[in-house]
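**Q** This is what each chain is made of:
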Amino acid sequence: MNLEFTEEQVMLQDALNKYLEKEYSFEQRQKLSRNGVGYSEENWQNFADMGLLGVPFDEQYGGFGFGATGLIVVMEAIGKGLVVEPYLASVVLGGQLIQQAGSEVQKEALIPQLIAGELKLAFAYVERNSRFNLADVAFKAEKEGDGFRLSGKKSVVFNAETADKIIVSARTAGDQTSKEGISLFIVDKGAVGLSSRDYETVDGLRASELDFDGVIVGADALIGSLNEAYPVIESVIDFASAAICAESVGVITQLREKTVEYLKTRKQFGQPIGAFQVLQHRTVDMFMVEEQMRSLAYLAAIRVTDGTAEERLKSVSAAKVYLGDARPIVGEQSAQLHGGIGVTDELDVAHYVKRLTMLNVLFGDRDHHMQRFCQS
Amino acid sequence: MNLEFTEEQVMLQDALNKYLEKEYSFEQRQKLSRNGVGYSEENWQNFADMGLLGVPFDEQYGGFGFGATGLIVVMEAIGKGLVVEPYLASVVLGGQLIQQAGSEVQKEALIPQLIAGELKLAFAYVERNSRFNLADVAFKAEKEGDGFRLSGKKSVVFNAETADKIIVSARTAGDQTSKEGISLFIVDKGAVGLSSRDYETVDGLRASELDFDGVIVGADALIGSLNEAYPVIESVIDFASAAICAESVGVITQLREKTVEYLKTRKQFGQPIGAFQVLQHRTVDMFMVEEQMRSLAYLAAIRVTDGTAEERLKSVSAAKVYLGDARPIVGEQSAQLHGGIGVTDELDVAHYVKRLTMLNVLFGDRDHHMQRFCQS
Amino acid sequence: MDLNYTPEEKAFQLEVRSFLKESYPKELQDKVSKGIALKKEDYVRWQKILAKQGWVAPGWPEKFGGPGWSPVQKYIFDEECGTANCLRTVAFGLVMLAPVLMEFGTDEQREKYLSDIYNSDVWWCQGYSEPNSGSDLASLQTRAEKQGDHYIVNGSKTWTTHGHYADKMFALVRTSKEDRKQKGISFLMLDMKAPGVTVDPIITVDGMHVVNQVFLDNVKVPVENLVGVEGEGWTIAKYLLQHERTYIAQVPRSKKQIERLKVLAGKELHNGKSLLEDDRFRAKIAEIEIELLALEMTSLRILSKMSAGQPPGSASSLLKVKGTEVQQAITALLMEATGYYGFPYFKEVLKEGWNEEAVGPEEATFLAPHYFDWRKSSIYGGSNEIQKNIMAKAVLGL
Amino acid sequence: MDLNYTPEEKAFQLEVRSFLKESYPKELQDKVSKGIALKKEDYVRWQKILAKQGWVAPGWPEKFGGPGWSPVQKYIFDEECGTANCLRTVAFGLVMLAPVLMEFGTDEQREKYLSDIYNSDVWWCQGYSEPNSGSDLASLQTRAEKQGDHYIVNGSKTWTTHGHYADKMFALVRTSKEDRKQKGISFLMLDMKAPGVTVDPIITVDGMHVVNQVFLDNVKVPVENLVGVEGEGWTIAKYLLQHERTYIAQVPRSKKQIERLKVLAGKELHNGKSLLEDDRFRAKIAEIEIELLALEMTSLRILSKMSAGQPPGSASSLLKVKGTEVQQAITALLMEATGYYGFPYFKEVLKEGWNEEAVGPEEATFLAPHYFDWRKSSIYGGSNEIQKNIMAKAVLGL
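Chains as they are written, first to last, in the working numbering: chain A, 1 to 376; chain H, 1 to 376; chain R, 1 to 398; chain E, 1 to 398.
Watch out, some of these pointers could steer you wrong.
Now the in silico label distances, taken between C-beta atoms and shown as ranges [what the hints assert, rightly or not]: (1) H:147 - E:209: 45 to 53 Å; (2) R:8 - H:142: 53 to 61 Å; (3) A:42 - R:200: 29 to 37 Å; (4) E:393 - A:21: 27 to 35 Å; (5) R:8 - H:348: 43 to 51 Å; (6) E:280 - H:147: 37 to 45 Å; (7) R:273 - A:180: 15 to 23 Å; (8) R:201 - H:348: 54 to 62 Å; (9) A:265 - R:8: 56 to 64 Å; (10) H:45 - E:280: 40 to 48 Å; (11) A:46 - R:200: 33 to 41 Å; (12) A:265 - R:231: 28 to 36 Å; (13) H:153 - E:355: 16 to 24 Å.
Only some residues are given here: those of chain A computed to face chain H with a beta carbon under 8 Å [stated by the list, open to error]: (14) 276; (15) 277; (16) 278; (17) 281.
Derived list of chain E stretches under chain H, where covered just means 3 residues or more per stretch with a C-beta under 8 Å from a C-beta of chain H [claimed, not checked]: (18) 275 to 286; (19) 340 to 350; (20) 366 to 374.
In case anyone wonders, no lab produced these hints; they're calculated from the structure. No residue lacks a Cβ here, since even glycine has one placed at the ideal position from N, Cα and C.
Okay, chain A solo, but in the shape it has when bound (with noise of 0.2 Å):
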C-alpha cells in the first residue's frame, strides 16, 4: 500500500503550477475564454512541451504510463487555474477511447500525434434524451458500402469546434437504451454532412451541438469492435470523472483559500468577519468538504486504474456523490461568504463556483450516481 505520488509526478506538477502560476492570471484566463475559440494555442503547444499531454498515455506510444493516479496532479492543476484548454476533451477523453480500444494502428497513428499537440479530439456522446444514460444511443450508423453512414444530432459536445476529429458514439444494432449494439466511430471534423452549432458554455468553456446529416466514413473509422462499445465508453467516462473530481479538488482547494482569505481582509463591525463563529464553521466545513473529496478523488483514480469493475464504479459514484454534496457546502457558500462580490462577474470566486457546480453536471450529477452506486 502506497499513498504518494512518485518524484517524475511531483516534478511534473511543480512544473505545471510554475507555468500556470506564471501565464495562466484570472484575467488572462478570462480573455482566453472569451477568445472566440476558447483557449489558447500557444498554451497548448507549452503543454505539448512540457510533455503534459502525454501523461495518461502508455510509453510505447510515447506517453509517460502515468494513468488516472498521474493524472490526479495534472487535473488538480487545472481546476486550480481554472485552465480552459481542451485537455479533458481531447487528451483524457479522446485520448482514452483510442487508448483503450483503439486498433494498433489507430493507436500508433493517432496517440503520437495526440501527445504532440498536433490533434486535438472531442468526444460525442450526450444527445436530447438520454441525459446520463451512456446506453441511450439514438444517433444512427448504417452500412454503407464498406464503411457507414452516420446520421443523427449530439449535443453539448465540448471543444468540437476546434477539434480536428470527433469520436462519436452510434446505434448500429438493438434497442435506443440497449447496451448491446453501440459502437464507436472517428470522423473528421470537415467531413461532408457534419454541421456544428457552437458555443460559449456557463463555466467559460466552449462547446458545440452537432448535426450528422448522412455522414459517410470508411471501415477504419469504427474503433473498437462493432456494436460492443459500451463496457469501453462506460469505463473511459470512468476515467474522465476520476479526472475531473481531481479537478474538482483544485476548484475546492482555490474556494477555501481564496474564502479564508476574504474572511480574514474584509472588515464589518470593526472586526474582520472571520472572527465570526458561524463563518469559521463553515470554512471548517469546506476543509473537510475538500479533505474528503480528495480522499475519493483518489481512490477513483486508484480504482479505474487497478480496481473490478465494482470497485470502479462504486468509487467513481461515491466521488461523484461527493463532488454534489461540495455544491451548496463549498460552492454556495463560497459565494454567500464574499457577499455581493461574490456574485459578481469580475470575481474570479464566481467563476470558481460555476465550475465546480458544473462538473456537478458533467457525466452524471448527484442523484445519478446515488443510483448507480446503490445498484452496484
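Position chains H, R and E relative to chain A; hints supplied.
**A** For chains H, R and E alone, coordinates are given in the frame of chain A:
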C-alpha cells in the same frame, strides 16, 4: 379565513396549563411513567371533570364538538407536559373510530362513557410485518355463528394494558395487503383467548403485544361496515397524526425554551455559552422549525376537519415529514447543546428528545410520509 | 380556525381574477412566464394600469390612496397576481420610500412625492449599501455636509438595483460623526440627474446588468430633501428594512416557480421515465413544497395576528430566511432538471425578439445562470446570517 | 499510488486473521455482535490474550513492548479486529496514560505502571471533565495542595467512564492559581480505593450505568504520583487528547455497524419489499457508506504521511468529527429500520442469559436507546463544536 382559537378553546387551554403546572412537574411525570400502569387514574378523572375528554366529540353525545382544530390546544399542552395519560389511545384513536364509524347505538353507549372517563379504549392496528402500511392486515376475523372468531397478533398497542376495550383491525376478505376486506371489531380486554405482554416504551409510555387466540365476539362487536374499514382507519390515523403533530409543537417549544435557558446560564470560557454565534444560530434554527411546524400542525388539523381526502393526506404527510426534520434540528441539537447532561436520565430534556423522536415514528416516519405526499 | 374564504372574500377573489384577466397585458404575461428580462417600460406600463384601478399600493392607508384591504384581501391579491404571472411592482417607491414618507416625512414631502410614486412617474432607487458596509450597514461612510440650504454629498453606493433607470435615490448618509455608528446617519432624497452623480454598471455572475455602483461627487441636495430628523436616519433605515424583508419572501412567486419546475421535470426524460416520476427528484421537489406550505401558513398566521392588531415582530426575519431558502432551492432544482442543458449559455435568450431555436428544453436556456445569480437573495436585504443574529437577539433574548 | 497490499502485508493480514480465529473467544464475539453489555472481566480476558500474543498495544514503541508494526500493519490489525467483531481494548491505560508516561513520566513511573497496564492488572479511569468544565476543560477547579510528601486533592470529576470498575485514576488538578487558566494545572495519578474517593453512578438516557461522578474529599496522593512538571499538566492534557480523538474515529467498527444495518434492513419488510430495496432508505445508507469510504481513505492518507515522518496535525479533529457523525448517522438508521419496534424498551436484553423472545426483530430491541445514548459521541473527547474551533484556528489560521 380565520386562524384564531375560539374563546372557549383559549379558556380550556388556560385551565389545562394551570392544572399541569401544578400537578405535573417532571419528577411527578417520571413517577407516573414508572408506576407500573404508566399514568394516574386521578389525573384521568380530573381531565374528565375539566371536560378535556370530550373535546373532539360531537355535542349530541356530550362532547365539545371542537374537532381537530380544537384538539390542538389540548395536544400542545400534552406535549409541553410530557403527559403520559392515555389521551391519544383512548380519546383520539378509540374515540374517533367510534365517532366516525360507530352505529348510533354504539356511539350512544360508548362516547358518553369515554367522556366521563369511565371507559378507556386502545386501538390495535400494527402487525409484525406491516410497518406503516395500514392495509397490511394478516390478523383474521372469521364468521362464527352470529358473530366472529378473531385470531392473530397485534404489536405495540399503546395503553392496551389498562384499556377496558380494544378496537382491532382484522382481515375479513381479500389479500393480506388489500384495502378491501378489512373490518373493525371492539373486544373486551378480558375476553377469553386474549392475552397480552405489557411493557414500557422508550419514551416512557406503556404498550402491549396482543395475542388473540380464537377470541369469540358477537355481531354487535363490528364497528362500521364489514370489509370497508380501511377508509375509516386511514382517516382516524390521519386525525391522530394531526393531533400528535400538535403534541410535537408542545415538545419542540419546551426543548427550544429549555435549550435557550441553558445557553443563558451555562458558562464556559468565561461567558454564557449562548454568547457563541454557532449556538445562537442553532437555537434560531430550532425556533424556525418550531414556527413552521406549528403552521403545518394547524394546517393538518384544519384539513382533517374540513379538507378533501387529498388535502387531508397532503397536509398530514407534510406535517409528518417536517416532524422528521425536527428530529435532528430540535431533538438532536437540544441534547448536543446541553452537553453531557443532555444524555442523562435525570434531566427532562432527554425525555422530551425521546418523545419527539418517537412521535416521528408513530403513524409513519419521514420516508413513509414523503412517499405518501409524493403519491397523493 | 378556518381556511375557507368568507362569501365576501370569495367575491373579492373573483373580482381580482377577472380584473387581471382583462387588464394584465398578454405580452407581459408571456415575458414573465418565459423569464425574459423585463424593461423599465414594462414595469411602468403595468403599474400605471394598477394605479388606474386603485390597486397599485395595497399596503398604503386609504387616506394616501390605498384600497383599504384587509390582510386576507392583500393575501388574495398577491396570490392571484402570482397565479396570473404578473410582474411584481417595483418596491423602491411603493413599498419602501412611501411608507417612510407617510411615517417620517413632512406634509410637503408627501404631497410632492407620493402621487408620482403612485402613478409611476418617478423611478426611485435605494442608496443603502456601500462597498465597505454590507452586512454592517451602520458603518456607512458617504458624507453629507450642510452648506447653507444644501447638503453636499460625497461617497459611493453599491448594489443599486436599477440605478441606471432611476430618476431619484433615497439614501442613507452620514451627517455627523458620533460615538455610536448608528448615530449621525440621515435619510436624504437626491436627484440621479444632478451633477456629480455617476452610475457604473456591475455585471453579475449571470452576465446581466441590473445593479450598479453609484458615485456621488459633491452632489448638491436641498435641505428640504431630508426625511425626518437629521442624524436619526437609522430609525428610518430599520423601519424600511422590515418592510423590505417581508416583501422578499415572495410565496406566490415560489409557488409559480414550483409549477414551472414540475412542468420541466415532467418533460425531461431519464431512462424512459420523466424526472417527475423519479423518486429522488420528486422528493426534492416535495421538500420545497412542504417548506413553502409551512411558510404560506406562517405568513397567514402573521397576517391573522396583524389583523388583531399585533405587530409582526421578528417574523419578518423568518420570512426572509425561509423565503429565500425556498427560492434558491427551486433555482437549484430547475438547473438540475436540465441536466447537460445547463451548460449552453445564450445571453440573447433573455432579449425580446430572440427567435433562434433553444439548445435543449425550450425554457431551460437560462436556468443555470439564474441559479448562480439567485445566490444574491440570501445576501441582499440583510444577509441570512444577519437575520439569524436578529432572531437570536429578539426572539430568543440571547 | 497503490492500495494493494505488498506480499509482506498480505502475509501479516493472514497471520492476524488466523490468530483471531483461534484465540478470540466465541462468547465475546457473540456478545459484541448482539450488542450485549460487556463486563469488566470480558475486557480483561481479551486484553490478557492479546498481551500474551504481544499485540495488546500496537501503538507502543518496541522498547516498551509494542509489536513494532508499520502504520499499514496497524491499519490491517484494526481492520481485522473489526471484521472479527472483537471488543475494543479499553483506552484509558493502553492508549491514553501509557503514551503520557512514555513521554512525560519518570523511569520509576514507567517501570511501576506500564507492565500492569500491558497485562490488564490495573484498571485505569480518566479524571478530566468536571461539572463546571466541559468544553472549557482548562477551567477545571479540582485542587491539589502540597502538604509534605503528599498532595491533598479536593473536588469532583464527572463523566468518568467505568469509574466503578477502576483501580486508579489519572486526573488533571489545579496545583496553583495563575493568570492564565491553562497554567497551574498538574497531571496526577490517584488510587480509587484511597479514603475520600466516592463514586456515584450517572444513569444515562438509555438507562445504563457506564459513567460516574467521582467526588474527591481530602484524598492523599503521594508526590511521586505527579507526572511531568508540576503546573505544566496542560501540555500533557493536549497531548493525550489528540491520541484520544484519533481513537474515537472507529472506522472498522462503523463498517461493521453498516453491515449490521444492511442485514436488518434486508429483513424488515415494507409493502412487500425489504427496506434495503427501498430507494430512499438505501440512499440514506449509501450516504453514510460514502462518507465512511472517504474517511477510511483520509485515515490512510494520514497514515501514509505519518510513515513519511509527518505529524498528523489537526487531522485528529477531522477524524473525530466525521467519525462520530458517521457513527451517529448509523445509530439513527438502525433505529429507523426497526419502525414501531423502536418503542419496546427492555433493559434486560443487554444482560447475559436473558432468554425471552424479542418484541419485533431479534436485534432491534435496544436500537432506539442506543441512538439516544450515542448522542454523547459528538460531545465527549472535546465536543464537535470545539473540534471545529480547533480546525478553524489551526488549519485555516482564523
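**Q** All hints, please: hold or fail.
**A** Results for each hint:
{"no.": "1", "hint": "H:147 - E:209: 45 to 53 Å", "in the structure": "51 Å, holds"}
{"no.": "2", "hint": "R:8 - H:142: 53 to 61 Å", "in the structure": "57 Å, holds"}
{"no.": "3", "hint": "A:42 - R:200: 29 to 37 Å", "in the structure": "34 Å, holds"}
{"no.": "4", "hint": "E:393 - A:21: 27 to 35 Å", "in the structure": "28 Å, holds"}
{"no.": "5", "hint": "R:8 - H:348: 43 to 51 Å", "in the structure": "48 Å, holds"}
{"no.": "6", "hint": "E:280 - H:147: 37 to 45 Å", "in the structure": "43 Å, holds"}
{"no.": "7", "hint": "R:273 - A:180: 15 to 23 Å", "in the structure": "21 Å, holds"}
{"no.": "8", "hint": "R:201 - H:348: 54 to 62 Å", "in the structure": "58 Å, holds"}
{"no.": "9", "hint": "A:265 - R:8: 56 to 64 Å", "in the structure": "58 Å, holds"}
{"no.": "10", "hint": "H:45 - E:280: 40 to 48 Å", "in the structure": "45 Å, holds"}
{"no.": "11", "hint": "A:46 - R:200: 33 to 41 Å", "in the structure": "37 Å, holds"}
{"no.": "12", "hint": "A:265 - R:231: 28 to 36 Å", "in the structure": "31 Å, holds"}
{"no.": "13", "hint": "H:153 - E:355: 16 to 24 Å", "in the structure": "20 Å, holds"}
{"no.": "14", "hint": "276", "in the structure": "6 Å, holds"}
{"no.": "15", "hint": "277", "in the structure": "4 Å, holds"}
{"no.": "16", "hint": "278", "in the structure": "5 Å, holds"}
{"no.": "17", "hint": "281", "in the structure": "5 Å, holds"}
{"no.": "18", "hint": "275 to 286", "in the structure": "holds (count 3)"}
{"no.": "19", "hint": "340 to 350", "in the structure": "holds (count 7)"}
{"no.": "20", "hint": "366 to 374", "in the structure": "holds (count 5)"}
Violated hints are absent here; each numbered hint is respected by the structure.
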